[in-house]
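Undergrad: Chain order of the listed sequences is A and B. In this text, residue positions in the first sequence follow our numbering: the first is 1, and each later residue adds one. In this text, residue positions in the second sequence follow our numbering: the first is 1, and each later residue adds one.
No lab work stands behind these hints, which were simulated from the structure alone. Positions of the beta carbon are idealized from the N, C-alpha and C atoms, including for glycine. Among the clues, some could well be false.
Residues of chain A placed beyond 12 angstroms of chain B at every Cβ, according to the derived structure [stated by the list, open to error]:
#1 13
#2 25
#3 27
#4 72
#5 107
#6 140
#7 159
#8 189
#9 192
#10 198
For each label pair, taking beta carbons as the anchor points, the in silico distance ranges come out as [claimed, not checked]:
#11 A:43 with B:272: 29 to 35 angstroms
#12 B:72 with A:113: 44 to 50 angstroms
#13 A:140 with B:356: 29 to 35 angstroms
#14 A:96 with B:72: 21 to 27 angstroms
#15 B:282 with A:97: 49 to 55 angstroms
#16 A:143 with B:350: 47 to 53 angstroms
#17 A:141 with B:367: 47 to 53 angstroms
#18 B:11 with A:127: 49 to 55 angstroms
#19 A:150 with B:342: 36 to 42 angstroms
#20 B:98 with A:60: 47 to 53 angstroms
#21 B:329 with A:90: 36 to 42 angstroms
#22 A:89 with B:97: 47 to 53 angstroms
#23 B:79 with A:90: 51 to 57 angstroms
#24 A:108 with B:363: 43 to 49 angstroms
Residues per chain are reported as follows:
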Amino acid sequence: MATKRNLTRADRIGYAVGGIALIVWALRRPSALRTGVAGVGGWLLYQGYTGRNPLFKPLGIEVNPQPALPEVAETLVVEEAITISTPRADAYAFFAQTDNLPAIGEADLQVLREVDGEELAWRATRDDKLMHFGSLSFRDAPGGRGTIVAAHLEYAPSGGSLGAALAHLMGRSPQRLVGDSLRRARALLETGEVATTRGQPTGHR
Amino acid sequence: MRAVCWHDKLDVRVEQVPDPQIINPRDAIVRVGASAICGSDLHLYGGFVPGMVKGDILGHEFMGEVVEVGAAVKNLKPGDRVVVPFPISCGNCFFCRRELYSLCENSNPNAYMAEKVWGYSPCGIYGYSHLLGGYAGGQAEYVRVPFADVGPVKVPGGLTDEQVLFLSDILPTGYMAAENCAIQRGDTVAVWGCGPVGQFAIAACYMLGAERVIAIDRFAERLRLAATVLGADTIDYTEDNVLEALKELTGGRGPDACIDAVGMEAHAHHAIAFAYDRVKQAVLSEDRPIALREAIMACRSGGTISVAGVYGGLIDKFPAGTLMNRSLTIRTGQTHVQRYMRPLLERIEKGEIDPTFIITHRMRLDEAPQAYRMFRDKQDDCIKVVLTP
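Extracted from the complex, chain A is given alone in its bound form:
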């Protein structure tokens, strides 16, 4: 399988323009240093052509150039899954409460699909602008080990894949938000509470 694309269209244009600029600059007065710079330019140009930056691959950034909803031209994709030791009906009933959906950011949620025990899909808007859309699918874990809940979210990129990479490194990626939200669901369903240290004493920070 080919590597997933992780650069947006805007990223690719930027990479191509930047790459060409570096090569042109290097050709105007060639030197050993500038030859190296031209190499980097060529590498950027190549990434602009393929739509893939290998440095972002470990971060799991994925661009979908043809999203299912027509309102956005392209999206960044978030996929997270969790296994919860609870029957499928209970897991579904929990997420069917809109507040429990693993949405990202402040937005109004509209449920698009409800297939009992199998799928929930929603879209999130702010001031009538589409922020993200997502779905949860539910299936039995093998061996009677509960329910696998798989989340698939797509959001309109702001700041392109570089922005997404920085959010990753800062620990504030949508992946983390969705992951934390699924973990919270598991904790509530399995233990009845969410582990926290908020409100505990500490010494001088």
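With chain A fixed as given, assemble chain B onto it according to the hints.
TA: Then chain B, alone, in the frame of chain A:
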């Protein structure tokens, strides 16, 4: 209340902090009767564990009296005397149901941090960095105990605080280290590190049927304890070549199992070998796996290496070739303490083991900064410090 707070490398202070409150329905508040400084606390003290924040309250070995319980805690009531296991475990998840309590999926609020470093997250632990939840620890007058309906074990009246204190960590840790060796009758086990966990591992090896245990350390008082109280053979690695000595003592075959009760801050007698790892630890934050490497080299073919010492990150010069070509098995893990507390409490009640033999110092909570320094520098033959508020 007063609590021992981490501030920086080699800087712990006793501070006035607010009393802990019930936060979740399954919480309890325990008034600490006794706490202990663990060898693994020295990794925090030395600044080798990432994710510590100024003001964090330390301590994961403690026992005391329940003073308040949350609405969902039905098995405890104020006045109960309990010992609390160091892993915070929900009792409901996939791992807890399989008695793998230190792998609880629901107790680490900072699971995403641990996942970044380790792939997946283990359980939360009291006073052991924000990577493991950032929970306030028990070297304090009071402590909040989450999932109190699962972890704490009530203590019978006939036993002293000190007799049960080590059920919180090091006695089960030593026991699990021995259990992981899959000891058969007639086996010889070598134990690297004769600190408290090493001592209890030696004792547990004999309980589980080992014929002979060989204790390895550099401190005379620790080796003496292992020899006189527990009946182990001893090797002082500053005097003897450990691999040669073990070969001789085991008839040229090597010990059937080897326990690493040392972990990431091992020392080596060879100045160069030590300096190599020490520099890399300082520069690259790598662990110092000197005992682990030696244990792998020393183990008999087809034998087991049981790792009880704590590691946090990466190591190098790992003898993978030895491991593979000689069919060695490695078993390890943070201790699933809840699994061992009741059986070991029974052994203490029956007098089969009195864990207090390792205590060398009894100090006040206020003296914690001196206690940490003394324990780290092994001054005054320090093996185990118990703190009382």
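Undergrad: Evaluate the given range 36 to 42 angstroms for the C-beta pair formed by residue 329 of chain B and residue 90 of chain A.
TA: Cβ of residue 329 of chain B to Cβ of residue 90 of chain A: about 39 angstroms, so the range 36 to 42 angstroms holds.
Undergrad: Non-interface claim for residue 72 of chain A: all C-beta distances to chain B beyond 12 angstroms?
TA: With a cut-off of 12 angstroms, residue 72 of chain A remains clear of chain B, as the shortest Cβ separation is near 27 angstroms.
Undergrad: Cβ-Cβ distance between residue 150 of chain A and residue 342 of chain B: within 36 to 42 angstroms?
TA: 39 angstroms, holds
Undergrad: Could you check the hint for me, namely that residue 11 of chain B and residue 127 of chain A are 49 to 55 angstroms apart, CB to CB?
TA: 50 angstroms, holds
Undergrad: May I ask you to test the hint 51 to 57 angstroms on the CB atoms belonging to residue 79 of chain B and residue 90 of chain A?
TA: At 37 angstroms between Cβs, range violated.
Undergrad: Beyond 12 angstroms from chain B, beta-carbon-wise, is residue 189 of chain A?
TA: With a cut-off of 12 angstroms, residue 189 of chain A comes too close to chain B, as the shortest Cβ separation is near 9 angstroms.
Undergrad: Please verify that the nearest CB of chain B lies beyond 12 angstroms from residue 159 of chain A's CB.
TA: 21 angstroms, holds
Undergrad: Assuming the hint says 44 to 50 angstroms, is it satisfied by the Cβ distance from residue 72 of chain B to residue 113 of chain A or not?
TA: 36 angstroms, violated
Undergrad: Quick check for students: does the CB of residue 27 of chain A sit more than 12 angstroms from each CB in chain B?
TA: For residue 27 of chain A, whose nearest Cβ neighbour in chain B is about 40 angstroms away, the distance exceeds 12 angstroms, so it holds.
Undergrad: Given a hinted range of 47 to 53 angstroms, is it respected by the beta-carbon distance of residue 143 of chain A and residue 350 of chain B?
TA: For residue 350 of chain B against residue 143 of chain A, whose Cβ atoms are near 39 angstroms apart, the range 47 to 53 angstroms is violated.
Undergrad: Is the claim that residue 192 of chain A lies outside the interface with chain B correct, judged by CB distances over 12 angstroms?
TA: The assertion about residue 192 of chain A is violated, with a minimum of 7 angstroms to chain B.
Undergrad: Minimum C-beta separation from residue 140 of chain A to chain B exceeding 12 angstroms: can you confirm that?
TA: Nearest chain B Cβ is 14 angstroms from residue 140 of chain A, so the label holds.
Figure legend: structure checked against the earlier numbered hints; hints not met, in rising order: 8, 9, 10, 11, 12, 13, 16, 20, 22, 23 and 24.
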